[in-house]
Amino acid sequence: DAGVTQSPTHLIKTRGQQVTLRCSPKSGHDTVSWYQQALGQGPQFIFQYYEEEERQRGNFPDRFSGHQFPNYSSELNVNALLLGDSALYLCASNPGSTYEQYFGPGTRLTVT
Amino acid sequence: AQKVTQAQTEISVVEKEDVTLDCVYETRDTTYYLFWYKQPPSGELVFLIRRNSFDEQNEISGRYSWNFQKSTSSFNFTITASQVVDSAVYFCALSEVSGGYNKLIFGAGTRLAVHP
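Those protein sequence lines, which keep their order, are chains A and B.
Per my numbering, the very first residue in the first sequence carries number 1; after that it's consecutive.
Per my numbering, the very first residue in the second sequence carries number 1; after that it's consecutive.
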């Protein structure tokens, strides 16, 4: 049973560019959440998707957007990248009816 | 507002020592969940335990044990007879469940180094 998978593993972008990160949830999970983890800090909630809709959002600007597909996989898009967007981006999934989130290995984004 | 505080930034112990990681939380909700996650150097967060706000029973799982005290808003984690493989960053997290949403609020983490 595959866990949560994310791609790519690492990414280097330049300020002002746009990036798309991808996540496939654990089998049987229909809810996907995204978190940003800056170096030396705890993960910060970006948003959560359920039934292809964003149903909860953290304190992140509109430059951060997402999408969930009918197969429950999800994308995180970040526009107009800033140096401060450099972080580990974690995807988590859970079945809609329970509250344990299972995390993927993350995508390390470096903005130069 | 919700908040999780892990006052210990780093802890260093020698193998076989017992170690306790502290977690204090703030919430106005009466129904919530508390979690502990482990983050090894690979980066992936590994789920360790979930505890709901109505269950104050302590829990033991092998060398791991958790002490939940609502009176002090604490959810502490103890590793007995620590091993080098326990070296990681440990995060405590809080989730309020109003509206069916379950975003996690994490503490800043405690880095545990277990030396041989």
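For the record, the hints were derived by calculation from the structure and aren't laboratory data.
Even glycine gets a Cβ: it sits at the ideal position worked out from N, Cα and C.
Fair warning: there could be bad hints in the mix.
[To be verified] Under the rule of at most 30 Å between Cα atoms (straight-line distance), these lysine-lysine pairs were calculated in the DSS-like manner: (1) LYS26/A - LYS13/A; (2) LYS38/B - LYS16/B; (3) LYS38/B - LYS3/B; (4) LYS70/B - LYS3/B; (5) LYS70/B - LYS38/B; (6) LYS70/B - LYS13/A; (7) LYS26/A - LYS38/B; (8) LYS26/A - LYS3/B.
[As the list claims (entries may be wrong)] Stretches of chain A that chain B covers, calculated by requiring three or more beta carbons in the stretch to come under 8 Å of a beta carbon on chain B: (9) 18 to 30; (10) 41 to 49; (11) 55 to 63; (12) 101 to 109.
Comparing the hints with the structure gives:
1. At roughly 28 Å between alpha-carbon atoms, LYS26/A and LYS13/A fall within 30 Å of each other, so this suggested pair holds.
2. With a C-alpha separation of about 19 Å, the suggested pair LYS38/B and LYS16/B falls inside the 30 Å cut-off, and the hint holds.
3. Of the pairs offered as hints, the one joining LYS38/B and LYS3/B holds, with about 19 Å between alpha carbons and a cut-off of 30 Å not exceeded.
4. For the given pair, LYS70/B sits about 15 Å from LYS3/B by alpha-carbon distance, which is consistent with the 30 Å threshold.
5. Only pairs whose Cα atoms come within 30 Å are accepted, and LYS70/B paired with LYS38/B is accepted, the gap being roughly 23 Å.
6. For the suggested pair LYS70/B and LYS13/A, the alpha carbons sit about 45 Å apart, so the restraint of at most 30 Å is broken.
7. Restraint check for LYS26/A and LYS38/B: the C-alpha separation of about 19 Å stays at or below 30 Å, so the hint holds.
8. Simply put, LYS26/A and LYS3/B have alpha-carbon atoms about 28 Å apart, close enough for the 30 Å limit, and the pair holds.
9. Counting residues of the region 18 to 30 of chain A whose beta-carbon sits less than 8 Å from any beta-carbon of chain B gives 0, not enough to reach three: the coverage restraint is violated.
10. Here the region 41 to 49 of chain A counts 6 residues with a CB under 8 Å from a CB of chain B, which clears the bar of 3, and the coverage holds.
11. Evaluation of the coverage hint for the region 55 to 63 of chain A: fulfilled, as 3 residues show C-beta separations to chain B shorter than 8 Å, against a requirement of three.
12. Check result for the region 101 to 109 of chain A against chain B: holds, 7 residues qualifying (beta carbon to beta carbon below 8 Å, three or more required).
Consistency with the previously given hints fails for numbers 6, 9, ordered from lowest to highest.
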